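*Asks:* Just so you know, the sequences run in chain order A and B.
For the first sequence, position 253 matches number 253 in the working numbering, and the numbering has no gaps at all.
For the second sequence, position 224 matches number 224 in the working numbering, and the numbering has no gaps at all.
Do not rely on the hints blindly, as some may be mistaken.
Below, simulated DSS-like cross-link-like pairs (lysine-lysine); rule was C-alpha separation at most 27 angstroms, straight line [stated by the list, open to error]:
id : chain 1 : residue 1 : chain 2 : residue 2
1  : A       : K327      : A       : K178
2  : A       : K202      : B       : K58
3  : A       : K146      : B       : K49
4  : A       : K157      : B       : K121
5  : A       : K140      : B       : K184
6  : A       : K157      : B       : K131
7  : B       : K49       : A       : K71
8  : B       : K58       : A       : K200
9  : B       : K131      : A       : K195
Here are the in silico distance ranges between beta carbons for each label pair [unchecked claim]:
id : chain 1 : residue 1 : chain 2 : residue 2 : range
10 : A       : K327      : B       : Q135      : 46 to 54 angstroms
11 : B       : F43       : A       : P121      : 38 to 46 angstroms
12 : A       : G36       : B       : V255      : 33 to 41 angstroms
Hints listed in this document are in silico derivations from the structure and should not be mistaken for laboratory results.
In this text, all values refer to a predicted model and were calculated from it rather than measured experimentally.
Cβ atoms here follow ideal geometry from the backbone N, Cα and C, with glycine treated the same way.
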Amino acid sequence: MKKQRISILLVLLIILTTVVTGCGEKKPSINVYNWGDYIDREILEDFEKEYGIKVKYDTFATNEDLYVKIKQGGSSFDVIFPSDYMIERMIREDLLTKIDKANIPNLTKVEDRFLNLAYDPNNEYSVPYMWGTVGILYNKSMISEKIDGWEDLWNEKYKGQIFMLDSQRDTLAVALKKLGYSMNTRNTDELEAAKVELIKQKPLVDAYLGDEIKDAMVSGDGAIAVVWSGDAVEMMRQNSDLEYVIPKEGTNLWFDAMVIPKSAKNKEGAEAFINFLSRPDIAAKNAEYIGYSIPIPEGVNMLSNELKDNPVAYPTDEEMGDVEIFKDPMDIIQVYDRIWTEIKSEE
Amino acid sequence: MNMKKTAYPYVIWMIIFTVVPLLLVMYYAFTTGDGLELSSFEFSLDSFKRFFTPIYMKVLLRSIQLAFISTIACLVLGYPIAYIISKEKPRKRNTMILMFVIPMWMNFLLRTYAWLTLLGKNGLINYIVTKLGFQPLNIIYNDTAVLLGMVYNFLPFMVLPIFSTLTKMDKGLIEASEDLGANKLTTFMKVVFPLSLPGVITGITMVFIPAVSTFVISNLLGGNKTNLIGNLVEQQFRYTGDWHFGSSMSIILMVLILITMGLTSKFDKEKDGGGRGLW
C-alpha cells in the first residue's frame, strides 16, 4: 500500500515539474495570432535573429473565430491581425490596449490614406498590415462569358463550380451588394432578403471554403469564386487562366491591422514585432511572398515590377469603383449571427 | 462505497475533467447572458426554444440520418471483414488486424484531408475514371463524400469489437452445432452471430456516436455546405460565441446518444443475460 502511494506521489511530482519548468522559459517570446497563410515564415526567423525574441505563431480562419478566442480569454496573444470592423468592435468592447507610437517609428512610413480611418480614428490601437478588395476570380478556360457582377455567381450555368467564402460578413456582403443594399445595413428586412438570396444560391455552390479556395481554383476544381485580392494575386501567379474582377455593383475595401490585446504579456516585444513588420524592406519581402497589398509606399517601391504594376494588388480609385468599408454591426450582431447560422443550416 | 485509496486520483481526475465540465455545459445550456461572469447569467430556456424550430430540427434529423446510414454501412462491411479475419490462423490474423489498425496511427485530420485529394474533381479517382473514358464523378462536397469519410474513419471501430468477440468465442460450441447436424449457415445464424452480438452492439455504439457528432468530416468533405449538428455546435463556440445555444445543443446531442446507448444495451441484455458487452 505504502509503495503504491509513493509511486503515485512520484508520478504527480514528475507531472508538476514538467509543467512548471515548461512555463519558465528564459528567452523572451511573443505569441502571434494571424490569418492562415498570411506571412512569409522567413520573416519570423529574421525577427528572432534580430531581436532575440522567440515568435510563437498560430493561425485563425475568420475574424469571428479570432474574436471568440480573444473574448473568451484563456489564451494570451501579444499581436493579432483583425480586420477593420473587428478592430472597431474590439476597441468598443475594451479588448485592446493602446500602442505606444514612440516604439513604432515605422508608423510614419504608412501612407496617409491608410491612417486615421473610422475604425480607429487616431490609430491609437492599430497599425495597418495589409489591405485589399473582395472580388470574383474566374477561370477563363472554363467560362467564356464576360464576368462583371456579383449576380454572375447566381448563374445556373456554373452550378457546382462556384466557391463562396466561408465567412459571415464577406458572404453576406456579396448578397447585399447584389441586391443593391449597403453591406453595412442595419435593416433586418434587407438582411433577411440577403439570406433568401444566399439560400437560393446554395444549390449552385460547390462549397464554402476558406484558404482551400486557393488550391481548388488553381487546380481547376472550380470555375468561379469569391476571393480576397491578395489571394487572387497569388492564384493568378500559379494559373494564368485565372482572372480577377471587381464587380460593378461595388465591393468591400478592407484593412487588416496589427493590434495588441489587453491580455498581452509582452507588450514591448509585440511593439517591436509590429515595427519590424512595418519596416519597408520587410513589408516588401512579405508582400512579395503572400501577394497581398502593403500600405507602405517605400515598401511598394521595392516590389518587383510585376507585382507593383499589378492592378489586382494596387488598383487605382477608378478601378476599385464604388467601395465600402465594413462597420461593426454593434447591437444587431445577433441578427447577423442568426442569419448566417440559418443560411448554413439550410439544405 | 468500498473504494481503494489508489482510486482517488482517478476520482479527482474525473471530477475535474468530466463532472465539472458537464455541469458547466448544463449551466450554460439553461441560462442566457452576455460576457464571462458566470453569476450574471439568468435562467432561461430560450436556446432550447430556438433549437426546436424547423430549421434546426432538420439539421438534427439529417445528422441522425447520415450517422444511421454510415453505421449500417460499417456493419455490413465490417462484419464480414471481422469474420474472415477471425477465421485465419493466429499469425496471419494478427498481421491482418495490424494492417487495419496502422492507418489509425496517422492523424485523423490528415487522413480526411487525404480524401480531399482523392475525391476532388481533378483528384485521383476522377483521373482514373476519366482515363477509362467515363464521365467524371461528382463525389466531393456532398453527402456521398461525407458518408465515405465517415465509413472510412469509423470502420475500424466496428471491425475490432466484432473481431474480438469472434475470436474469444468457444470453438466447442461451433463443433457441437456441427456434430448435431446443423449446416454452416444454421451454425452461423443460430450460434456464431448471436454470440457475437455484444461485439456488434459495441461496434454500433462506437460508430454511431462519433458519426452523429462529427463536424470535421462534414466541414472538409462536405465543403461546409452540409451542416450537421456537430457543425452547429462548433459554429456557436468558435465563430458566433453563443455558448448558451451551443451548450443546449450539446445537451440535446448527449441525451440523444444516451437514448441510443440505452436502447442498444437493453437489446444486449435481453440477448445474453447482460454484462457481456465490451464496455
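*Asks:* Next step is simple, just say for each hint if it's right about the structure.
*Replies:* So, going through the hints one by one against the coordinates:
Between K327 of chain A and K178 of chain A, the direct Cα distance comes to roughly 18 angstroms. Compliance with the 27 angstroms bound is thereby established for this hinted pair. Between the alpha carbons of K202 of chain A and K58 of chain B the distance comes to roughly 16 angstroms, so the proposed pair stays at or under 27 angstroms and holds. Straight-line distance between C-alpha atoms of K146 of chain A and K49 of chain B comes to about 47 angstroms, which puts the hinted pair past the 27 angstroms bound. Of the pairs offered as hints, the one joining K157 of chain A and K121 of chain B holds, with about 17 angstroms between alpha carbons and a cut-off of 27 angstroms not exceeded.
Distance check on the hinted pair: K140 of chain A and K184 of chain B sit about 63 angstroms apart at the alpha-carbon level, beyond 27 angstroms; violated. Between the alpha carbons of K157 of chain A and K131 of chain B the distance comes to roughly 25 angstroms, so the proposed pair stays at or under 27 angstroms and holds. At roughly 26 angstroms between alpha-carbon atoms, K49 of chain B and K71 of chain A fall within 27 angstroms of each other, so this suggested pair holds. Taking the CA atoms of K58 of chain B and K200 of chain A, the gap is near 17 angstroms; set against the 27 angstroms cutoff, the hint holds.
Among the hinted pairs, K131 of chain B with K195 of chain A is inconsistent with the structure: their alpha-carbon atoms are about 41 angstroms apart, more than 27 angstroms. Between K327 of chain A and Q135 of chain B the beta carbons are some 47 angstroms apart, a value that agrees with the proposed interval 46 to 54 angstroms. Evaluation of the 38 to 46 angstroms hint for F43 of chain B and P121 of chain A yields a pass: the beta carbon distance comes to about 41 angstroms. In this structure, G36 of chain A and V255 of chain B meet the distance hint of 33 to 41 angstroms, their C-beta atoms being roughly 36 angstroms apart.
Hint check: violations occur at hints 3, 5 and 9; the rest are consistent with the structure.
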